[in-house]
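S.K.: Let the sequences and hints guide you as you build the complete structure.
In order, the protein sequence lines correspond to chains A and B.
In this text, residue positions in the first sequence follow this note's numbering: the first is 1, and each later residue adds one.
In this text, residue positions in the second sequence follow this note's numbering: the first is 1, and each later residue adds one.
Just so you know, the hints here were simulated from the structure itself, not pulled from any lab data.
These numbers were taken from a predicted model, which means no experiment stands behind them.
The C-beta atom is built at its ideal place from N, Cα and C for all residues, glycine as well.
A few of these clues could be false.
[As the list claims (entries may be wrong)] Heads up, incomplete: computed chain B residues facing chain A, CB under 7 Å, no partners named:
| id | residue |
| --- | --- |
| 1 | F11 |
| 2 | L30 |
| 3 | L31 |
| 4 | Y39 |
| 5 | F42 |
| 6 | T46 |
| 7 | V49 |
| 8 | I50 |
| 9 | G64 |
| 10 | K69 |
[Unchecked claim] Straight-line C-alpha distance at most 27 Å; calculated DSS-like pairs for lysine-lysine:
| id | chain 1 | residue 1 | chain 2 | residue 2 |
| --- | --- | --- | --- | --- |
| 11 | B | K44 | B | K2 |
| 12 | A | K192 | A | K139 |
| 13 | B | K2 | A | K180 |
| 14 | A | K193 | A | K180 |
| 15 | A | K193 | B | K2 |
| 16 | A | K47 | B | K69 |
| 17 | A | K47 | A | K139 |
| 18 | A | K18 | B | K22 |
| 19 | B | K8 | A | K192 |
| 20 | B | K24 | A | K180 |
| 21 | B | K68 | A | K47 |
| 22 | A | K180 | A | K47 |
| 23 | A | K47 | B | K44 |
| 24 | B | K22 | B | K8 |
| 25 | B | K8 | B | K44 |
| 26 | B | K44 | B | K24 |
| 27 | B | K22 | B | K2 |
| 28 | A | K18 | B | K69 |
| 29 | B | K8 | A | K180 |
| 30 | A | K180 | B | K22 |
| 31 | A | K192 | B | K44 |
| 32 | A | K7 | A | K18 |
| 33 | A | K193 | B | K44 |
| 34 | B | K22 | B | K44 |
| 35 | A | K180 | B | K44 |
| 36 | B | K24 | A | K139 |
| 37 | B | K44 | B | K69 |
| 38 | B | K44 | A | K139 |
| 39 | A | K192 | B | K68 |
| 40 | A | K139 | A | K193 |
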Amino acid sequence: MNKLNQKRDEAILVAALKSGDRDAFSTIVTEYRESVIRICRGYVGSKEDAEDIAQEIFIEIYRSAASFRGDSSLSTWIYRMAINRALNWVRDNRKKFRVYRSGMAENERVLENSAGENEGDAESTNADHRKALRFAIDKLPSNQKRAFILNKYEDLSYNEIADILGISLSSVESLLFRAKRNLQSSLSTYYKKNLL
Amino acid sequence: MKCADSDKIVFDYIGGNLDEEKVKAFESHLLVCSRCSRYLSFVKGTLSVIDEARVVEPDPLFAGRIYKKIDSTPAFILKHRRIINIAAAAAVVIFAVFTGMNLAKFSSAGYLSPGSAIESDILFADEMSIEPIEYYFLSDND
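M.R.: So this is what it looks like as structure tokens:
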């Protein structure tokens, strides 16, 4: 009964959104804001960039509400849009992104050096962790990255991920298994290269 | 257990996915290997970045910023952004094709093609072979 009510409520919300109802849109923004930002954080790391992309995603949702056919649930549609938009943003801003990351790395290295540590085997810092994670996630193939971000950043189940990506459950399991293996390998490489 | 083996199971160790035997072997290795012990701390710290990223602070102005952007974009453009993008892309392609065609026309007139110099040389050479060289020097070219 609960599921039926949920579906009915969602249908009413979607109908209102399609007609340009701002209250319906506000409801969607409130409900999905955190999820969309989390997914964006998986792609870009920076809080500010993630929020910028999230805003663009909601504008896109507002703009294309009329084209939502209802083949999937509203949440599935929103997650798909979030992933595609975030990926497009990273592609379109690859240069700026690389400069930002290298600039960030440079600044943080300066700070670390000025703190007086010079041992080759020093304890890793928060900055090292963020850089390492970014390095490892960015190296993942895009399908593994999508599955990993949905699972680890948004805590979605394998079934939910399968629904969003339009693939089978076993494919999700395979993607996440390979993502884990690749991340392990990348982190090990990063550690040996930068912190040993 | 070797360090390379330890590296491969560190994720599973952190996630609690190892059987008892492997946990014992891993932890025994950590007792004697400071490198792997530090690596475990490093991986834990790195994965904790994800936990931090999952925390999204409330932002009461978020929706307002979206509305501001929506309202500042003309409704026509907002509604038909896709068609406008496609039309713009088509215009670029047409311009490129048109420019390419004109360049091709220009080059076939003999100014740009690499063979054109050779062609004209051949023409002149033919003329020179038809007209004896003495006559050429005697002609009023100045």
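S.K.: Against this structure, judge whether each hint is valid.
M.R.: Comparing the hints with the structure gives:
{"no.": "1", "hint": "F11", "result": "5 Å, holds"}
{"no.": "2", "hint": "L30", "result": "15 Å, violated"}
{"no.": "3", "hint": "L31", "result": "18 Å, violated"}
{"no.": "4", "hint": "Y39", "result": "6 Å, holds"}
{"no.": "5", "hint": "F42", "result": "5 Å, holds"}
{"no.": "6", "hint": "T46", "result": "4 Å, holds"}
{"no.": "7", "hint": "V49", "result": "5 Å, holds"}
{"no.": "8", "hint": "I50", "result": "5 Å, holds"}
{"no.": "9", "hint": "G64", "result": "10 Å, violated"}
{"no.": "10", "hint": "K69", "result": "6 Å, holds"}
{"no.": "11", "hint": "B:K44 to B:K2", "result": "20 Å, holds"}
{"no.": "12", "hint": "A:K192 to A:K139", "result": "16 Å, holds"}
{"no.": "13", "hint": "B:K2 to A:K180", "result": "20 Å, holds"}
{"no.": "14", "hint": "A:K193 to A:K180", "result": "20 Å, holds"}
{"no.": "15", "hint": "A:K193 to B:K2", "result": "19 Å, holds"}
{"no.": "16", "hint": "A:K47 to B:K69", "result": "20 Å, holds"}
{"no.": "17", "hint": "A:K47 to A:K139", "result": "20 Å, holds"}
{"no.": "18", "hint": "A:K18 to B:K22", "result": "55 Å, violated"}
{"no.": "19", "hint": "B:K8 to A:K192", "result": "14 Å, holds"}
{"no.": "20", "hint": "B:K24 to A:K180", "result": "22 Å, holds"}
{"no.": "21", "hint": "B:K68 to A:K47", "result": "21 Å, holds"}
{"no.": "22", "hint": "A:K180 to A:K47", "result": "24 Å, holds"}
{"no.": "23", "hint": "A:K47 to B:K44", "result": "21 Å, holds"}
{"no.": "24", "hint": "B:K22 to B:K8", "result": "12 Å, holds"}
{"no.": "25", "hint": "B:K8 to B:K44", "result": "14 Å, holds"}
{"no.": "26", "hint": "B:K44 to B:K24", "result": "19 Å, holds"}
{"no.": "27", "hint": "B:K22 to B:K2", "result": "13 Å, holds"}
{"no.": "28", "hint": "A:K18 to B:K69", "result": "19 Å, holds"}
{"no.": "29", "hint": "B:K8 to A:K180", "result": "10 Å, holds"}
{"no.": "30", "hint": "A:K180 to B:K22", "result": "18 Å, holds"}
{"no.": "31", "hint": "A:K192 to B:K44", "result": "16 Å, holds"}
{"no.": "32", "hint": "A:K7 to A:K18", "result": "16 Å, holds"}
{"no.": "33", "hint": "A:K193 to B:K44", "result": "18 Å, holds"}
{"no.": "34", "hint": "B:K22 to B:K44", "result": "18 Å, holds"}
{"no.": "35", "hint": "A:K180 to B:K44", "result": "14 Å, holds"}
{"no.": "36", "hint": "B:K24 to A:K139", "result": "32 Å, violated"}
{"no.": "37", "hint": "B:K44 to B:K69", "result": "40 Å, violated"}
{"no.": "38", "hint": "B:K44 to A:K139", "result": "19 Å, holds"}
{"no.": "39", "hint": "A:K192 to B:K68", "result": "48 Å, violated"}
{"no.": "40", "hint": "A:K139 to A:K193", "result": "15 Å, holds"}
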